[in-house]
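Q: Kindly generate the complete structure, drawing on both the sequences and the hints.
Here's the letter readout for the chains.
Protein chains: 2
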Amino acid sequence: MSIDVLIKKIKEKNNPTVAGLDPLLSYVPEHITTECFKKYGETLEGASKAIYRFNTALIDELSDVVAAVKLQSAYYELYGWRGVKVLDETVRYAKDKGLYVIVDVKRNDIGSTAKAYAGAYLSGADVGGKLIPAFGADSITVNGYLGTDGITPFTEACREHKKSIFVLVKTSNPSSGELQDKKIGESPVYEVMADMVNGWGEGLIGEYGYSCVGAVVGATYPEMQKVLRKRMPKAYFLVPGYGAQGAGAADVVNAFNEDGLGAVINSSRAIMCAYKKTGDSVNFARAARDEAVRMRDEITAALG
Amino acid sequence: MSIDVLIKKIKEKNNPTVAGLDPLLSYVPEHITTECFKKYGETLEGASKAIYRFNTALIDELSDVVAAVKLQSAYYELYGWRGVKVLDETVRYAKDKGLYVIVDVKRNDIGSTAKAYAGAYLSGADVGGKLIPAFGADSITVNGYLGTDGITPFTEACREHKKSIFVLVKTSNPSSGELQDKKIGESPVYEVMADMVNGWGEGLIGEYGYSCVGAVVGATYPEMQKVLRKRMPKAYFLVPGYGAQGAGAADVVNAFNEDGLGAVINSSRAIMCAYKKTGDSVNFARAARDEAVRMRDEITAALG
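In order, the protein sequence lines correspond to chains A and B.
Per the numbering used here, the first sequence runs over residues 18 to 321.
Per the numbering used here, the second sequence runs over residues 18 to 321.
Worth flagging that the hints you see were computed from the coordinates, not collected in a lab.
Glycine is no exception: its CB is placed at the ideal position from the N, C-alpha and C atoms.
Mixed in with the good hints, there may be bad ones.
Which chain A residues stay away from chain B? Per the calculated CB distances, all over 10 Å, these [said to hold, decoys possible]:
(1) Lys25
(2) Glu219
(3) Gly223
(4) Tyr225
(5) Ala302
(6) Asp307
(7) Asp314
The calculated EDC-like cross-link candidates involving lysine to aspartate or glutamate, where the alpha carbons are at most 20 Å apart (straight line), are [to be verified]:
(8) A:Lys56 x B:Asp143
(9) B:Lys55 x A:Asp143
(10) A:Lys199 x B:Asp198
(11) B:Lys199 x A:Glu203
(12) A:Lys102 x B:Glu62
(13) B:Lys147 x A:Glu59
(14) B:Lys56 x A:Asp143
(15) B:Lys199 x A:Asp166
(16) B:Lys102 x A:Asp143
(17) A:Lys147 x B:Glu59
(18) B:Lys147 x A:Glu52
(19) B:Lys147 x A:Glu62
(20) A:Lys147 x B:Glu62
(21) A:Lys200 x B:Glu203
A: Below is the structure:
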């Protein structure tokens, strides 16, 4: 099961964190953008080339510290197909370096279309009878608003192609409660979604007792995390909101089970932009590594 | 307001339909795939080139019949960045032919990330202080599960860049009810979402009384459509489910208001694959046109 691959990497590195690669162009150190603009113009191509150089330098420094990277698709799509090409190239680069690669796409659609998304990110495209992987991620995020038939193509890809997914349950943003906290009978929507996640994850349980169908649960709502941890004991949690969104180590301990497993904590801006605090943009990758190490130590200390 | 542009095209062509360009490779006539495979290999590149040829031939025949085209992003992402490049090229081609272009991406994320998606599809990417459009659609679909701060970047793009969005309210797939039909107090989730759509659409009303924040409401649930039509009087409905998903003209009349406006009906497979019924794959584009004309006549007759 794919979730076992992630857990092994977390155990090996003694680090339940995932570094987010959400490379808005303004995060890229100026010496890189200047050089790429000079070579490729102040264009979507120039921007995309700069992002690729930024990403690969970060991965080089982070690959022995973190278990996984998470690429936020929006920051690649923003630069058009050239940005999406960099998404593809970054996935390959990170996998070559031994990292577990999550692509944060939050895709959702009716069954036939969800099958195409599963093909794009997890299984592959049927071209002349051969299955050719397009983006070839280990895992993606999905949105369950459409219900089971919109999720089945992804769970089938988990089973047949050794992949995992994380379904949005309680998101980290300020207005997530507008729908997600509303009560359906006795339970808020996020608990109803949690029960659906449990159902989708049945039959996809790996050797550590966790399912390949995980859940996105924001670090910014630690009390709800506690409730959801109990309600989805077998779901691995992908936890955004640590760092730049305001949550600290104390806020994420609720996401873990007593076995010390069950969650992978994401930090994006705090790692990528660590150099803005040190003021040394030339050594941006080293600053990112230092922040990732600090985060690892902080979280492992909080877990005790 | 962008919604007025769509409405004018619907009035000009006396046709409230949108042709879906969801080009799974198996929909492309064999003479095209054979030629592209020969030239570019049985690869993602070969597949993407075949899809571009298919799309442009369809657009040539459809552009004086339909008001709009809707590109389902999944069927481009399936072929990797090369497929996404074809999405980009198809958007440009369709706009050059005077069509209103909706990209069906169902994107959703926290505010800062939603801003990147709005940049990618509607407003543009900031590169060296200039705003460069990446995909440059007129409109996209979005998923409102994350609430207002995940939607605001899109409504801002509607206001500042003359665009529109369609928010998923009640989707056309069989299991859409698992979450969407559950009751929050007296109202099902889809009505709660409808009320949010009304709120998001305020201040974005055009000259015909419709908002640039529309709603996706499946043709496969005509009774719910009737309820939602009343609940969101100013929202334009993007209605999937006609044709291959089983709904007919009688099922979509509920989506319209008494002014004969208020809805745009999508058909994808029935138009793209019309040639599979005639058996004449060489004239696939003509068959698509005939089906689009038939659909127009059927719907305008049902509207009376």
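Q: Could you run down the list of hints and mark each one as holding or not?
A: For each hint, the structure was consulted:
no.	hint	verdict
1	Lys25	28 Å, holds
2	Glu219	16 Å, holds
3	Gly223	26 Å, holds
4	Tyr225	29 Å, holds
5	Ala302	23 Å, holds
6	Asp307	24 Å, holds
7	Asp314	27 Å, holds
8	A:Lys56 x B:Asp143	18 Å, holds
9	B:Lys55 x A:Asp143	17 Å, holds
10	A:Lys199 x B:Asp198	14 Å, holds
11	B:Lys199 x A:Glu203	12 Å, holds
12	A:Lys102 x B:Glu62	13 Å, holds
13	B:Lys147 x A:Glu59	9 Å, holds
14	B:Lys56 x A:Asp143	18 Å, holds
15	B:Lys199 x A:Asp166	17 Å, holds
16	B:Lys102 x A:Asp143	18 Å, holds
17	A:Lys147 x B:Glu59	9 Å, holds
18	B:Lys147 x A:Glu52	18 Å, holds
19	B:Lys147 x A:Glu62	14 Å, holds
20	A:Lys147 x B:Glu62	14 Å, holds
21	A:Lys200 x B:Glu203	11 Å, holds
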